[in-house]
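Be aware that the sequence shown starts at 527, since it is given in my numbering, and climbs by one per residue.
If you are wondering where the hints come from, they were derived from the structure by calculation, not from laboratory data. Watch out, some of these pointers could steer you wrong.
As the list claims (entries may be wrong) - Subject to a maximum C-alpha distance of 20 Å in a straight line, what follows is the list of computed SDA-like cross-link-like pairs (lysine to any residue):
1) Lys548 / Pro558
2) Lys548 / Val530
3) Lys548 / Pro561
4) Lys548 / Gly538
5) Lys548 / Ile531
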Amino acid sequence: ARVVICVERGPGMIIGLLAILKAGAGYVPLDPAYPA
527 ARVVICVERG PGMIIGLLAI LKAGAGYVPL DPAYPA
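Go ahead and model the full structure; you've got the sequences and the hints to work with.
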């Protein structure tokens, strides 16, 4: 499964990425500063 993560770079992003990878999923990073 793929998980989208939309957070600014920092400790929270690293924790989120490690949790996603530990769950066996892949991630798609989105930049919250990028206009939608």
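To see whether the hints hold, each was checked on the structure:
1. A hinted pair counts as satisfied when its Cα atoms are at most 20 Å apart, and Lys548 with Pro558 does not qualify at roughly 24 Å.
2. This hinted pair checks out: Lys548 and Val530 have alpha carbons roughly 15 Å apart, not beyond 20 Å.
3. For the hint pairing Lys548 with Pro561, the CA-to-CA distance comes to about 30 Å; that exceeds 20 Å, so the pair is violated.
4. Distance check on the hinted pair: Lys548 and Gly538 sit about 15 Å apart at the alpha-carbon level, within 20 Å; holds.
5. At roughly 15 Å between alpha-carbon atoms, Lys548 and Ile531 fall within 20 Å of each other, so this suggested pair holds.
Of the numbered hints stated above, those contradicted by the structure are hints 1 and 3, listed in ascending order.
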